[in-house]
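> Now for the letters of each chain:
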Amino acid sequence: MRTKALILSDIRFQFRYGFYSLYAVFTLLYIGLLFVLPDAWRNDAAAIMIFTDPAAMGLFFMGAIVLFEKNERVLDSIAVSPVGAWEYVLSKLVSIGLISALVALLIGLGAGVIRAPLTFLVSVFLCSCLFSAMGLIVACKIKTLNQFIVATVPLELLTVVPAILWMFWWKADVLVLHPGVSMLMACSGRGAQPLALLSLLAWTALLYFLAVKTVKKMLLSVGGIKL
Amino acid sequence: MITVKDLVFSYTEKPFIETMNFSVRDGEIFGFLGPSGAGKSTLQKLLTGLLPRYGGSVTVDGTEAKRAGKEFYQNIGVDFEFPSLYEKLTGRENLRFFASLYRRHRDIDALLKAIGLHMDADKKVSEYSKGMKSRLNFIKALLHSPKLLFLDEPTNGLDPSNARVMKDMILQEKAEGKTVILTTHNMYDATELCDHVSFIVDGAIAALDTPKALMTKKRAVQLTYTFESPDGGLEERSVPLTQTGGDATLRQLIGDGKLASIHSAEPTLNDVFVEITGRRLQ
Ligand SMILES: Nc1ncnc2c1ncn2[C@@H]1O[C@H](COP(=O)(O)OP(=O)(O)O)[C@@H](O)[C@H]1O
Ligand SMILES: [Mg+2]
Chain A
1003 MRTKALILSD IRFQFRYGFY SLYAVFTLLY IGLLFVLPDA WRNDAAAIMI
1053 FTDPAAMGLF FMGAIVLFEK NERVLDSIAV SPVGAWEYVL SKLVSIGLIS
1103 ALVALLIGLG AGVIRAPLTF LVSVFLCSCL FSAMGLIVAC KIKTLNQFIV
1153 ATVPLELLTV VPAILWMFWW KADVLVLHPG VSMLMACSGR GAQPLALLSL
1203 LAWTALLYFL AVKTVKKMLL SVGGIKL
Chain B
149 MITVKDLVFS YTEKPFIETM NFSVRDGEIF GFLGPSGAGK STLQKLLTGL
199 LPRYGGSVTV DGTEAKRAGK EFYQNIGVDF EFPSLYEKLT GRENLRFFAS
249 LYRRHRDIDA LLKAIGLHMD ADKKVSEYSK GMKSRLNFIK ALLHSPKLLF
299 LDEPTNGLDP SNARVMKDMI LQEKAEGKTV ILTTHNMYDA TELCDHVSFI
349 VDGAIAALDT PKALMTKKRA VQLTYTFESP DGGLEERSVP LTQTGGDATL
399 RQLIGDGKLA SIHSAEPTLN DVFVEITGRR LQ
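Those protein sequences? They're chains A and B, same order as listed. For what it's worth, this note's numbering labels the leading residue of the first sequence as 1003, then goes sequentially. For what it's worth, this note's numbering labels the leading residue of the second sequence as 149, then goes sequentially.
Only chain B is shown next, with the shape it has when bound in the complex (with noise of 0.2 Å):
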């Protein structure tokens, strides 16, 4: 669906993006995760045609993204990172407006309802909290029912609830087909949605993979165990997942059936991208 090759970008004089390399397959969720500044929206932006001046090459859905035309954006949805809408006029008639710019259009009233709008569709958009304009504006991108959508932070300062109603939507969407770029700095979304992330970090890929390879690839996974210990309190011990059988504690816990716990301890996403690039998320 997306063939970067050897993409060089820069706002300024400044070197920013240098021959980047990476390609999103058709129908995945394909994650770009980074500490804000890394460049993220900046590669959503030149996915979509915004930013016409840059060296390489960058196909999306076979079009070259500086040439991109009407029938080009007729296929494309892009959630922005900030909200994207007409304060004066009614989130339904935010809605009718962008839809009606586009062939095809998906029943409005079913996306209000779905992210949770419905009550609040006819209320001016300037009265709109900062959580709800941000739903608003998610759903305004699904509209055209795209088959690539682009989606910068979307969950961005939503509660957990709101969140996970669009995580759900955007996995919804992947089931139907689509394909979905989702620019983040939450772990825990990148690990439960993409089938790809990529770590951006200084306008530069540092990882690509799927999140498990990712999290298991890197440090070994550790299983720990507790145990009654004989002054009678709980014990608990670690060892890598590849080296149990050296175990000679456990080998006898298991035998004897006297493990209080076990559980292996995945390190994070978060821990993993620490260890490659040096840096923290947020």
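Okay, chain A solo, but in the shape it has when bound (with noise of 0.2 Å):
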């Protein structure tokens, strides 16, 4: 109950500021794009598209969201209210979670490049969780848009790079461990396909682990003590 209204006021919250509008706009731009790629490689692209743009929006966005619930001290009421911080998170990542997997689905609809949907979703759901989750984490340690920027960058490129080498160079089965690669492998659906979506599986569950202690940190913190 509480945690469906978390996810609903976030959902309320990223309607207002803008993000679904934001979202419509590079969707259009997206599929354009797509249209004017050679047919070979609209699979790929789509793939590159979806893994790098809205399935990452959480590691972009993440920063600004936490930040407007510290500056506005938001975060000091909901640490005294029964929420927990296992649902702050939840609320977090499958808010930005449904936004992702919605416009990875137009685009991808709008490619014609999605051949198991299901598989498809659920890859660019725990995608984007993954990425949520990271941002999350940054988010909580710091205290300007600038240096979550500054710290998300090189988590950004620790991820794409392998992700990007994998698909164009470097095809070695044993790169699936690699969180960047196991989700481009279940967003493209090329590689060692149950295996990706595991990998991923495994890696999106750590982080939301680690998201929630920090978390928990930061909610214990709101009084002035570090811990």
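Not one of these hints is a red herring.
With the Cβ distance kept under 8 Å, some of the chain A side facing chain B (calculated, not the full set):
hint: 1; residue: R1004
hint: 2; residue: A1007
hint: 3; residue: R1075
hint: 4; residue: V1076
hint: 5; residue: D1078
hint: 6; residue: V1082
hint: 7; residue: S1083
hint: 8; residue: P1084
hint: 9; residue: L1222
In silico PhoX-like links for lysine-lysine, alpha-carbon gap of 20 Å or less:
hint: 10; chain 1: A; residue 1: K1218; chain 2: B; residue 2: K218
hint: 11; chain 1: A; residue 1: K1006; chain 2: B; residue 2: K218
hint: 12; chain 1: A; residue 1: K1218; chain 2: A; residue 2: K1072
hint: 13; chain 1: B; residue 1: K218; chain 2: A; residue 2: K1215
hint: 14; chain 1: B; residue 1: K272; chain 2: A; residue 2: K1072
hint: 15; chain 1: B; residue 1: K315; chain 2: B; residue 2: K281
hint: 16; chain 1: A; residue 1: K1215; chain 2: B; residue 2: K214
hint: 17; chain 1: A; residue 1: K1072; chain 2: B; residue 2: K281
hint: 18; chain 1: B; residue 1: K236; chain 2: A; residue 2: K1072
Some chain B residues judged to face chain A by a derived CB distance under 8 Å, without partners named:
hint: 19; residue: T196
hint: 20; residue: L198
hint: 21; residue: R201
hint: 22; residue: Y221
hint: 23; residue: I224
hint: 24; residue: V226
hint: 25; residue: F228
hint: 26; residue: F230
hint: 27; residue: S232
hint: 28; residue: L233
hint: 29; residue: S248
hint: 30; residue: L249
hint: 31; residue: Y250
Derived by calculation from the structure, the hints in this document are not laboratory data. Just so you know, even glycine gets a beta-carbon here, dropped at the ideal spot from N, CA and C.
Each chain sits in its own coordinate frame; assemble them with the hints.
Now the structure itself:
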């Protein structure tokens, strides 16, 4: 009940802050771009687009989302409410995950590259949760948007670059253990298939737990003592 | 409701709160009165589990504050010193959201009406004035009908009529059996609302009693009376209330029915505060 209320309020919040309209524009742009590309590239290009933007939006926006709550001191009220850190994290991940999945679905359908819709949606959703959890962990520890960007760019590169390398040049199967590679494998439907989804699931679970731990600390620090 | 025993806490290496002891009874309004920087908000944060690194014991509603969990938070309401609201959401949306986090909730419209924000309920909080935010923040703490309320300077920055409304609502909470911890640097609010007041200075309790006892204990209450003097003017005299029997003039005037005026001047809580702590409240 409370978790549902949290998710709905996060969605409303993201709507108010224009995430939905922003991504409506991006979706159209991405679909347009995919049609300019040669047919043979479309599947991989769509996977990379989805992987690096709608699925990764949590890594871009979690800083702003959490900073609003910090600056407006809403976190203080959440810290003295029955909301648990696990719910707080879940709500942030799910609300962003839904936008990611929706945008990815539209791009995928628009470009006509979706073969297994359920696997595709689950993959994008998990990818999004994994990126959001990373963003959330960083967001808990920073005070300004600049610090957030400085801290997330290396994370993004570490995740995305190996995945792109795998896609075009370096097809080692063992790379499925890398979170970024597992994401791109899962989203594109290429590589070690059931394994990619499993690896992605494990990474997402791990980052979720780390995010819960970090949020718990953050909520216990609103009083002014860093733990 | 609250028992604090040998509490020790500091934000830094430097000692701040050292072996503090006090308790708060069920159903009373208990005040923290003290100047800015005395440690009132710090105490509220300690009692609500926001500063888990303390020594000694802080038992609130049967729970050790540093181990406060979900169930504990269902039963307490906190009005922070600063607004804690989503600026992009309307007043009503804020209340709806925070209400949704709790098991119980009161009627949001009734609360908005009681505090006089019903006409502004659908405006974004970013368009609210400072006073409106304070009022919204206040009713937000009442939303889930908590049995223990923490109010950190709730009337700060309000005009007298809105402050009056808020104080009546606080008294109403007490009438319903709620316990209230009220932080303030306003001696009038403390005098009027609190069953017990603690004077807080430099992280320590300098005195703790009922406002009445505090005001009468220290300085003798003075009786001041005026009467027509032989030269035709008005003469004023004062005598400690405890020594009226020895004032022959007063006895004579009362006997002859010639008093022009008479009143007792009790020291204000501020006078007592200065006397006990050597500090001013503001
Ligand atoms: N987060 C914090 N970190 C370090 N010192 C703090 C912090 N919050 C308050 N203080 C200090 O603790 C003292 C008490 O502050 P506070 O409890 O806010 O006082 P009050 O509410 O009585 O005005 C002040 O000296 C203040 O500077
Ligand atoms: Mg304060």
